[in-house]
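Trainee: Produce the complete structure using the sequences and hints provided.
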Amino acid sequence: MFKLKSIYLKLFLATLLTITGIHSSNNYFTSQVSAQETIQKNTYSSELVAKKSKTSRTRKSGGRSGGGSFKSKSKSRSSGSSSKKRSIRNQSRPSNSRRDSTNNHSPRRDYRDDYEPNPTYNNQKNYTPNYDRTSTRGSSYSRQQKPMHPIFRFILITLLLSIVGAIIFIPLFILFKFLSKYFSKDSRETRQVQKEINNDKVTVSKIQIALSSEAVEIQQDLSELSLTANTDTPEGLLELMRDSSLIIVRHSQAWTHVLSNSISMAINKAESAFDSLSVAERSKYDGESLSNVNGNIKIREQVSNSHRLLRRPHSRINKTTEPAVTVGQDEFADYLVVTLIFGTVDDKPLFEKINNEQQLEATLLKLAAMRADYLIKFELLWSPQTEGIYLTDEELLMKYTEMIPLV
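Quick note, the sequence shown lines up with residues -24 to -1, 1 to 383 if you use mature numbering (1 follows the signal peptide of the UniProt record, and there is no 0).
Check the hints yourself; a few may be wrong.
[Said to hold, decoys possible] Here are the simulated SDA-like cross-link-like pairs (lysine to any residue), alpha carbons at most 25 Å apart as the crow flies:
#, residue 1, residue 2
1, K375, E215
2, K329, V255
3, K375, V255
4, K260, N270
5, K329, L222
6, K329, K274
7, K274, D219
8, K171, F154
9, K274, S254
10, K177, K375
11, K329, Y350
12, K375, E264
13, K353, D219
14, K342, K274
15, K324, D176
16, K177, M346
17, K153, V169
18, K329, M346
19, K177, A242
20, K375, S248
21, K245, Y350
22, K171, D349
23, K353, I146
24, K324, T368
25, K353, D322
26, K171, T209
27, K153, V140
28, K260, I194
29, K260, S189
30, K342, E328
31, K245, D322
32, K375, V269
33, K274, E257
[What the hints assert, rightly or not] If you anchor each label on the Cβ, the simulated ranges turn out as follows:
#, residue 1, residue 2, range
34, E337, A142, 28 to 38 Å
35, E193, S252, 26 to 36 Å
36, K342, I133, 54 to 64 Å
37, R276, E193, 19 to 29 Å
38, K171, E264, 35 to 45 Å
39, F128, P325, 51 to 61 Å
Source of the hints: derived by calculation from the structure; they are not laboratory data.
This one's a predicted model, so the numbers in the text were calculated from it and none came from an experiment.
From the three backbone atoms N, C-alpha and C, an ideal C-beta is built for every residue, glycine too.
Mentor: Here it is in structure tokens:
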């Protein structure tokens, strides 16, 4: 009985193993078939996707060849391209519908069979190139090609001509100015003179010099010059100013004090300013023994008691051998004052304040070399006029308080 049970058990196990092996073989075969089918489906799907992608690229390339205006159609092509790209991505995704469609695929066709004159992209409206230039964008394109407005054209031409003229004439102008500066200094000075002569600005100046009694014969020289000068003509006035300046320069060793003033002013004020200076100096005299104004010569014999007779007229004095003659105790008459008042056409003052002999000499020489057309009015004043009579120290300090000693 026990053996029979073992036999039945062995048969049952053998049968079970046989059934299990058959089932495993069936499953393995089924899996292999499914894998092959899956590989075939994927291969076919890849070929189909590649075919469709190729077809789509072909359609995209053909769409780019159409259209009349690149600017007006760029947006449409960009939207169509993006739609086709989205369509291709959707087609490449694996899905149940794709697997169903691969089972019923049609034979391969030439891509030219799928080309249509007016392709559609994702059920959008037909893409039809518009070659009509009368559309909105076409009209904008046409306006850009219109000729320039006459005003703008005139402005542009004027600007170009100005630039060309500047390029041509500026170097010529610079060259002309350089040559004028190099070759025509005299003409420039002449223009400056004419400018100063023709304007309404003049200068009134005064130079006053005190000389010691060492200036022998200066009174005689000034008297002779005044009597012979032709004071009623501009040339005569200029000669009088030149000669009197040179006479003063020749006696530079006798200079002791000086007073200078030069002011520029309007021509309508110059006459009164000049006359005020002249009257102020003449009021310091006891009387005018000699005058020659505007050709009118007057000579008067007058000797004031306020002046002291120091030496005989025309006497030559040797400082080392013949001392000066005194009139009273500690009282010496040692000074002669010469004043030059002149008005010129200069726009600026002729000199600044004079403090030393070098400045005084340079100013007097400048007056001696003045142009004839610069002098307007001139007066020569000196005191005392009588030869051999001089001012004392007290008289010099009282009547000529503004004079300063030369450094």
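Trainee: Determine for every hint whether it applies to the structure shown.
Mentor: These are the hints, each one checked on the structure:
1. K375 <-> E215: 29 Å, violated
2. K329 <-> V255: 22 Å, holds
3. K375 <-> V255: Roughly 14 Å between the alpha carbons, so the hint for K375 and V255 holds.
4. K260 <-> N270: Roughly 22 Å separates the two Cα atoms, so the pair holds.
5. K329 <-> L222: 20 Å, holds
6. K329 <-> K274: Status violated; Cα separation ~34 Å.
7. K274 <-> D219: 21 Å, holds
8. K171 <-> F154: 22 Å, holds
9. K274 <-> S254: Judged against 25 Å, a Cα distance of about 17 Å means the pair holds.
10. K177 <-> K375: 32 Å, violated
11. K329 <-> Y350: Judged against 25 Å, a Cα distance of about 21 Å means the pair holds.
12. K375 <-> E264: 16 Å, holds
13. K353 <-> D219: 15 Å, holds
14. K342 <-> K274: 30 Å, violated
15. K324 <-> D176: 12 Å, holds
16. K177 <-> M346: 18 Å, holds
17. K153 <-> V169: Holds - the C-alpha atoms of V169 and K153 are around 20 Å apart, at most 25 Å.
18. K329 <-> M346: Answer holds: K329 to M346 is near 19 Å, not above 25 Å.
19. K177 <-> A242: Since the Cα atoms of K177 and A242 sit roughly 5 Å apart, the hinted pair holds (cutoff 25 Å).
20. K375 <-> S248: This hinted pair holds, its Cα atoms lying about 22 Å apart.
21. K245 <-> Y350: With Cα atoms ~18 Å apart, K245 and Y350 stay inside 25 Å; holds.
22. K171 <-> D349: Holds, at about 12 Å.
23. K353 <-> I146: 46 Å, violated
24. K324 <-> T368: Distance of about 37 Å is beyond 25 Å: violated.
25. K353 <-> D322: 13 Å, holds
26. K171 <-> T209: Status holds; Cα separation ~23 Å.
27. K153 <-> V140: 20 Å, holds
28. K260 <-> I194: 20 Å, holds
29. K260 <-> S189: With a Cα-Cα distance of about 19 Å, the restraint between K260 and S189 holds, given a limit of 25 Å.
30. K342 <-> E328: Judged against 25 Å, a Cα distance of about 13 Å means the pair holds.
31. K245 <-> D322: This hinted pair holds, its Cα atoms lying about 15 Å apart.
32. K375 <-> V269: 24 Å, holds
33. K274 <-> E257: 18 Å, holds
34. E337 <-> A142: 28 to 38 Å: 53 Å, violated
35. E193 <-> S252: 26 to 36 Å: This hint holds: roughly 32 Å between Cβ atoms.
36. K342 <-> I133: 54 to 64 Å: 58 Å, holds
37. R276 <-> E193: 19 to 29 Å: 22 Å, holds
38. K171 <-> E264: 35 to 45 Å: 39 Å, holds
39. F128 <-> P325: 51 to 61 Å: 58 Å, holds
Comparing the model with each earlier hint shows violations of hints 1, 6, 10, 14, 23, 24 and 34; every other hint is respected.
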